[in-house]
Structures are given as structure tokens and as C-alpha cells.
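Quick mapping for you: the protein sequence lines, in order, are chains A and B. Oh and the first sequence: position 90 is 90 in the UniProt record's numbering, straight run, nothing missing. Oh and the second sequence: position 504 is 504 in the UniProt record's numbering, straight run, nothing missing.
The hints are simulated quantities; they were obtained by calculation from the structure and are not laboratory data. In this text the structure is predicted, and so the values were computed from the model without any measurement. A hint or two may mislead.
Only pairs whose alpha carbons sit at most 20 Å apart, straight line, appear in this in silico DMTMM-like list of lysine to aspartate or glutamate [claimed, not checked]:
hint, chain 1, residue 1, chain 2, residue 2
1, B, LYS981, A, ASP37
2, B, LYS976, A, ASP108
3, B, LYS976, A, ASP31
4, B, LYS976, A, GLU125
5, B, LYS981, A, ASP38
6, B, LYS976, A, ASP50
7, B, LYS981, A, GLU74
8, B, LYS981, A, GLU28
9, B, LYS976, A, GLU124
10, B, LYS981, A, ASP29
11, B, LYS981, A, ASP133
12, B, LYS35, B, GLU66
13, B, LYS981, A, ASP50
Residues from chain B that keep clear of chain A, each with C-beta distances beyond 12 Å, as calculated [unchecked claim]:
hint, residue
14, SER138
15, ARG238
16, LEU978
Backbone N, C-alpha and C fix where the C-beta goes; we use that ideal spot for every residue, glycine too.
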Amino acid sequence: MSEGTRLENANPVIFQRSGDRVQTASEEDEDVHDPIDDREIFDLIRSINDPEHPLSLEELNVVEQVRVKVNDAESTVGIEFTPTIPHCSMATLIGLSIKVKLLRSLPDRFKIDVCITPGTHASEEAVNKQLADKERVAAALENASLLEVVNQCLSTRSI
Amino acid sequence: MAADSTLALSLVEEFVSGLQDSKAKDAAKGVKDGKFTVLQLVEALGSSLTSSQPHTRARGVLLLSEVLQECYRDLTEREVEVLIAFYENRLKDHYVVTPPVLKGLKELTKCTNLPPGSAVSMLRSVFQDIHVQSLMLSERACVYSMLINIMETREAELKGLGADFVFGFVQSMDGERDPRNLLLAFQIAKNLIHRGYELGKFTEELFEVTSCYFPIDFSPPPNDPHGITREELVQALRAVLTGTPNFAEFLLPLLIEKLDSDVQSAKLDSLQTLVFQTSSERIESAGLAALTALTSCLSRSVLSSDSEDSLSTFLDFILTDCKHHLCEPDLKLVWPSAKLLQAACSASTSASHIITAAVMPSLLEQYNNRAQCSHRRTLLEVVQRFIHSVKNCQSSDNDESVFLAFRESLCGVVFSALSENNSSLQITATSVLTSLAQQAGLLLESDIELALDHLTRLLLIEEDDRVSLAVAECAGALAQLHPALVISKLIPRLKNEMYTEPMNQDQGEASELHSHHAVRQRCLSALAAVSIQPSVVQESTPVLLEVLRSAHTGDVSFSVDEVVLTCRSLQRIAEQVQDTEEAGRCFHNIIIPHLLSLALQAALQGEGSSGTPSPLVEEVVLSAMVPVISTSCSRLQPTLAGQTASRAVSLFLDGDVSFLPDNSFPSHMQLLKKQEGDSWSLSRLVCLLMGSVCSLPRSVEVPQIDKLLSALEEMSCTCSHPLSYTSAAKCFAGLVNKKPQGDSLDSLIQRTVKRVCSELDSPSSSVHTQAFTLMIWVSKALLLRYHPLFTTLTDKLFSLLDDAGLGPMAAADGFSLLMSDSTDVLNRACHADVRIMYRQRFFSENKAKLVQGFNAAPQEKKPNYLKALSNIVNKLPKQVQVTELPALLSLLLEALSGPDQDIHLTTLSCLEPVLVNPPQVLIQQLEALVNRLLALLCSPAMSVRIASLSCISALSYFPVHEVLPFRARVLRALAKPLDDKKRLVRREAVQARAQWFLLGSPGGR
């Protein structure tokens, strides 16, 4: 992904998708405990659809594996995402989609922290604050039209 | 008579002056019924026809024409003659009269008794007096139908008319615009061409009036009642344009002009837009195919006319448009342009000469100037495609290769790419090398030698699996073309390399040992890859045998893994070598005797057991030898295979060791008899016997078969070593499967069944498992060939489901064996008698028994039945499963609630395909199904957890109103596996939970 061959196809620069995770022998061993690691979290969020383009967040390089930090023992997840342009109006929505995806996919012991990569968005602080506020996230998901957009981002395209 | 003429008169009056159209019908009826003749009608029309009002005259003629339409069949030749003369004359009349006249003429052309010469005169007057294109649509259609009618009946006369007829037709259709009429006109033109009318000097005219419609541009109006499609028009026109070689000289320039003008005017836009921008591969490939066809067409015209102009001009256009893309720094449009050029290139040798001469130097220069590996790889891939496209067109002629001029620089590029430290570049280079080598007479011997050096080096040092695979493939291709060089250069190097002991042996560094093992592994697979030609096999297999021998003697230490790989390589060679006498001899006379001898030596040595044991005593090695023997016996030279089998039989039955090399064996070995102290090292060699006698083609007879069968039966019922008795049972079954139908077979089966049953029924017997194994294998042999005695065995098998003595589930597991394909015996590769759909047959014959047995069985035995059921259903084809499952659903649900994990797993795998398209029965049982699946989420086996999660995920696609009530419960239950300790389980849980979240949620499903 990092060496991504760039196909400059009209506007957004498209990045190559990383391949599926290689299955290891220890993953198939009943007795081994597989910790939740960065790649696993990244696999959860990389296929989220962009609200505007028919592309995944990974293809737009909004999320990258290096910006995913997880600590299984302490039950914390930290994600930084990078809007494609500094004035992207969709930043909050993208952040919300990531957050909802993780809420649905991770055990509830985890504390999930989603924020914008420092220095990549004009109203970084405001967005971060919104995403960190549990009440506001919950309220946003009560809103049917907002939930609809989030669900669309989270639907798998291939099916 | 007088009354009749008054009748005619009154009808005429009412039709002409009273304008009552229906009277035409009455008049026609009158003529048909014989109340008056046509000529009487004409007399009655007299006044109307001579009226000074053209409309009245037209009306009169119309009546006559309408009557003719009904009764042209009844006219006499004389009447026809008169009528034609009349109508011809009328053509000169006022224009309002013309339509009914034409109609009348059209009806007359349908007459079978046209007087000779009348057709011609009719046409002459039509062409002379009428300007067809100034007529209305339906009148034009009338003229065309006339022509078609006459062409059907009066072909000879029309041909006598000569080119005038063609000219007349050309004039009349010139400027036609209506698609319906065009279809008619095209049909006439097609008839003209196909029936050999003389076109004369009007060839070009005829071509002009038709070709002006090419390419057809017609889209039918939205509610077109006539249903004419563009396709029809295109087909009709194509039939005309391609109908005669006389058109070729006009047609080719036209086609080129149409295509050329596209290329020209739009500068990459039209034809290339098609290729560049389109996302549809079909359009792209059609465009490319058109280009190829065009180029090859041009090349052929060059051959005949001796002027290179059209071809080279055309190619020049393409080259100027495409070539600069090949040199642009970002290489963005390389592929589209390269595809275009290759399409042109593959058309003909002359085209490929022109294009390669123009393109190759710049490509090669580019390659040398680029530093980035990815760019270089792209360029190399382009080069490879070029070579490939040229290969397509060079099949027949033995010209020297197009690339001869670039041989040196191409080789340089390939070799430098092979020395590059980039795996994808190396892989591409190997495929270029393969394509180059396949160009006849291009590479010199020294090039091949150098290439082999490079390949060997890569084999020895390159760790990447993909590279070694590509290298081995390339070496295989080279070995096909240059066996002698591979024998002299590659094989000795590989052999040497395998025998070098790892360095620093005393320190024994793990990584070093590991890499040495990897080198040996690659050498072994490369040896297999190059061995396709028998001459190469002659040289490579001795190396492999030598490895086995040294491993056995311990001269050079080889690990068990390496020995197994060696056997695999031998097996692969046996699978791919050309089936020639030479190869057959190599395998049957050298390799198999050596294998048997080595295995025997190892086994005898194992008896003595002193010092480190040979790796050849390992069962994995023995099992790896079996497919070498069975592949050679099933595939190579049936006569020699028969010889091998009879040698093996006499070795095992009589202890005849005369054919084995290194013959220092004790005489009178009894390999199939019970060994001293029940030692199994010799008895298990029976698997090698199985390899040879069970894979023979059915035409080859096995000697001493009855003696052999009873020895095998004895062994399988008495021996205590699993590999030995199983192999004996398999071998027995393999022979039974191929034994010809008849009394001797039946009595053999009955004898065996009796013995097996008595062993199984006696509670004190110590060989329950052995007897059962034999029984299962014999059942399988009979099931495959639909033998009637199979049913006795099935009944026994079902009764064993209740049997406690056999150990839990053994009988149920037997069903799995019965239904699955076996790899070493009783499959089609071994020439076994396998009928189609034996699984379905077994299932449909026995499902009732199974369900009955389940219902009747005591509670603690029920799991056995469930397991048997899920084993059987699991192996059925999916389509059968889906139709059969509803009936068995309650049983399967029962199976999910038991304690056995294997039953869970097999049942879930049966259920999953059915869930995709759930039958009504399943939906009715939804509550039970959900409960069972959720309960399985806590199963200790991860595979069960995964399978049940994917079933739960599939449930979310059931009709929403059915599953929505379960949503909250399922989501809560799915929270737990999100924290499973296994990642694979978590992944499945995440997917299932995401699906259920979307269910019934806005924006979801």
C-alpha cells in the first residue's frame, strides 16, 4: 500500500489496496491466543466506503495501517484518519463511520479513540471533540438520516 | 350473358363513380365464380378508362388491378398478354394513374403463365416510363416486389437482358431511403450477385448505390410497427457487399477509408478512444481484432499487387500515433498503445517486420535508460507481448525470426534483468526468455547455455518461491526445446549442489541447515520440471534414484522431508513425461525395481535395527513411493505396466527377487504371510504392491489373481499393523472393483462377506477393526461399480451403527470413507470402474433406512446415526443437498444439539449452502435453528464456532420480516465471539454482526 502505484485517474489519487492478511499456522492452532493487533483493526476499517466516491477509505488513503494503534491488554484503540483535502466537509461523517464500525466490531471492553491526523484538516479540533463525545455520537445515531448514510458507508459493496 | 354484363357494369359504376371500395371484392368474386370474364370486365370499364378525368381512369385501373390481385391464378396466357400490353400502355398515362397500374403489373408478375418475352418488355417499359424514386413509398415497394417476382420465375429471360437490367435496377434504387424498401432492394442486389447476373460495366454503379449505405446508421423509431432492426439491414447489406469478388477492389478502399478516417480525423480519438478510454473489454477486444483483421487483409493485398504502399502507410499511421507513448516518462499509455501495435503485429509477417523494426530499438533503449525496476518490468512485459504476438503469426512459414536483428540486445536485456535483485523483474525476464526460446532458430546455443547458467544461479540462491517457480517453469520450457543442453549443463550442476554438505556442520547453525534444505528442495523440483522429454528423464531420474540410494545407505545425509520430496518429483515426472516406450522402460525397468529394492532393503535392515535407521523405513516415505508406482502403472505403456505388476505379484507371493537390482536378498521371503513376531516392517510393503496392481488399465490382466486375493484377504483380516491391513484391504478392493462380472466374483464376495461378518459378530474376536476396514473398502469397490451384492453389505453396515464393540463412531465414519474420493485406489485415474452419480444413488436408496434406524435406535445410539447422515449428506453435490435437506431437517437440527463436535461441523457444512436459498420448511423451524446456532458459539472447537457464525451471517439474508424479531438477541449473542481468542473466529463474528446490524436499519437492508 505504501509504495502504491498511483493511477492518476481524474481527481482523487487512488492507492492500491493491500492484500488479504496471510493466514499463519498459529492462527489455525486451537490453543494459541491471537491478540488483537494493528492489522486486525485496520482490516476492520479499510473497507469502509467513502461517502462521496465509490471507493474505500483505504483506496483514498484516508486510513493507513501506521495510523492504527491498538493495545489489547489495556483495551484501547487509537485511530487517526486523514481527510483527502483540508476542507473536507465529510470529515465528521467519515470519523463517525469509523467509530460506529469499531463499536459494532470490537468487544465493549475497548475504549475507542478516533481523531484526525494532526495538521490535515482546517477544523480539526472541532471534529475531534465531536467524535470523542459519547453523548453526541449516540445522538447522531438516533438521527435516522445520519444513520442511513453511516450504514451505507458500512455496507459491503461486493454483496 | 346480358345479365352478366349488366352486373359487371353496375359493379364498375358503383366502384368508379360511387367510390365503394368493397365492390372490387364483389367484382373479383364475379370473375372467380365465372359470372363474367376479365375481358368482359375490361369492356365494362370501357367508359371509365377512356374518361377525360385522370382520377376516373385511375379508379378504373384500380378496380381491374384489385380484381387481378384476387384471380391472377385463373388467367389464360392470352388474357395475360392482352392485360400486359394494356398496362404497359397505361404507364405512359397521367401520374395519378401510375400507382394502380404498377399494382396491376405486380399482380401479373405473379402469374405462372407469363408469355415468353413479356417479362422483359414489362421491365423495359417500367424502366423507361417511370422514375422510380419520384414515386410514393408503397409504389416503390411495388416495383421492387415486381423485380423479385420476375427474378424468381424468369431468370433466363432477365439474364438475356444483360447489363441493362442491372442498370435499370441501379437507377430505380438510387436514392432509396426507406428501410423497408431498402431490405427489398438489398435482396434484389444480393440475387443479382449470387445468381450470376452479368454486371458488366455497371459493377461499380451497383457497388456505389449499395455501399453508400455503409456503415448502416439506422435506429428504429420507438414504436416501429414493422420491426425492422439495424441488425437486419446490416446483414442484408453485408451479404451484398461481400457477395462477389468483383466488389473487392472498391470495397477495400472503402473499409480502409472508413477506418482510416477515424484514426486520422480523431487522432487517437475514435478507434483508440475505443481502446483507451473504454472500460468494456469486449469493445476493446473487438477493436483490436478489427485492427488485426485489417492489417492482415492489407498484407494479403500487398502480396498480390506487389506495392507495399497501403500496408506501410496504414502502419505508419498507427506507429506515429502509438510509438511516442512507448517513450513517455511516466509510461502511462504504454499498455493501450502496445496492445494496438501488437494487434497489428500479430496480423502478418510483413506487418510484424515493419512494427518490430520500428518499436524494438526504442523499447530496448528505454529499458537501458530506466533505473526504476517497475518501469523496467513494464517495458519487459511489453517486449514479451510483442514476441508472443509475433509467435502467433509465424506458425507456418520457416522464415528466420523477426527478432534476429535484436537477438543480441534482447538477450542482454533479459540476462541483465535476471541478474537484477528484484523478484518481479526476474519473473518477467524468465517469461521473456521462454518466448524467445520458442522463436524457432533465434537463440544460439551459447545463448541457451548462458540462460541456463542464469537460471541455475537463481535456483541456487533465490529464496522467493514465486521466482523459483517461474525459473523452474522456464527451465522446463528450455528443456522441451534443447534437451541436450539441459542434460549437459543443468542436471549435473543441480546434482552437485544437492550433494554438497552444508558448511560449518559442527556448528550446525539452524538457518544454514534450513537454507541448505531449501536449495535441495528447489533442485528437486527443478529436476522434475525439466523432465518432460524422455531423453531428459533418462538423465534426471538416475539423479533422483541416487538421492534415495544415498539417503538409504547414509553416505550423504538426507532428511525424511527431502526423501519424500524426491519421491514427489519422481511422481511428477511420471505424470508429465511423454508416454513413449523409452520413458516406459525407464520407469518400469529401472525406477520401480529400484524403489522396490530400496524399500525392501530398508525394511530388512529395520528388522536388524542397528545404528541410525534409514529414512526409507518411515511410513511417509513409503506412502510417497506408492503414487510413483501407481502413476507409472496407470499412465505409461500398458504392456510394460503389466510386466511390472506380474513381477510385483511374484515378488510378494513367491518371494521372487530376481528382477531387483543389488540382489542380496534372502530367498523365499513370504511378504504376504504373517511375519515372525508379527513384525510389520515387511508386511506394510503391501502398499507398494497395491500401487502397481490396482492402477493397471482394465485391459491388463493381473496374474495369479485368485491366489493373490486370498493372500490379501488373509492379511487384511489378521495383520495388526494399521498401514499393512489397510493397504491389503485397499488392494483387495481395488482388484475386486476391476474383476469381471460373473460367478467367480460373486462367490469371492460372498466368501469375504461371510468371513468379515463372522469376525464382526464374534464378541471375542481381536480383529474387529481389521474386518471392518476390509468390509468398508469392499463395499466401496462394489458401490462404485453398482454391483448388486452391495446391498447385503449396506445392511450390515447399518446394523453396525448400533454396534458398541467397534468403538464409538467407527461405523459412522466409515460412511464418510464410502462417499468420498480415494486418492490412491478406486478412482478414475487408476482406471477403476466408477459409475456416475454413485453417491446420489447410495443416498436415495438408503435415506429411508437411515431415518428409520434413527427413530428406532435407543437414545445413546442416536448420535451414530446422525453422524452417518451428516457424513453422507456432506459429500453429496450441493444441488442434491438443497433438494433433499427439507426432509432431513429435523434430524439435522437434532444433530446440532448433540455433544459431538465432528457432527456439528459436518452438519453445519451441510446446512450452509441451503441457507442461501432457504426452503419454507427451514423458515418454519427458524426459532429452533437460531437457538442451536447461538448455542454452538460456545463450542470448544474453533472450526465449529466459525461455521456456526457463517450460518448466522447467512440467516440475516432470510426474508426480513422472518428474522427481524431475532435481531436484538442475535446481536447480543454475537458480542461474545467478538472477543474470541482466535482471530479467525473474530473475523467471522465481525462479519455476521455487521450484517445483523444492517438488518432493518435505515440505509441497511
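Hint by hint, here is what the structure shows:
1. B/LYS981 / A/ASP37: Distance ~12 Å between B/LYS981 and A/ASP37 Cα, so the pair holds.
2. B/LYS976 / A/ASP108: holds (9 Å)
3. B/LYS976 / A/ASP31: Holds. B/LYS976 to A/ASP31 sits at ~18 Å (cutoff 20 Å).
4. B/LYS976 / A/GLU125: Cα-Cα ~35 Å, so violated.
5. B/LYS981 / A/ASP38: holds (16 Å)
6. B/LYS976 / A/ASP50: The given pair, whose Cα atoms are some 29 Å apart, is violated under the 20 Å limit.
7. B/LYS981 / A/GLU74: Cα-Cα ~16 Å, so holds.
8. B/LYS981 / A/GLU28: Cα-Cα ~11 Å, so holds.
9. B/LYS976 / A/GLU124: Given pair B/LYS976, A/GLU124 is violated - Cα atoms ~35 Å apart, limit 20 Å.
10. B/LYS981 / A/ASP29: holds (11 Å)
11. B/LYS981 / A/ASP133: violated (30 Å)
12. B/LYS35 / B/GLU66: holds (17 Å)
13. B/LYS981 / A/ASP50: violated (31 Å)
14. SER138: At roughly 54 Å from the nearest Cβ of chain A, B/SER138 sits farther out than 12 Å, so the non-interface label holds.
15. ARG238: The claim holds: B/ARG238 sits with its nearest Cβ about 38 Å from chain A, beyond 12 Å.
16. LEU978: violated (5 Å)
Checked against the numbered hints given earlier, the structure breaks hints 4, 6, 9, 11, 13, 16 and satisfies all the rest.
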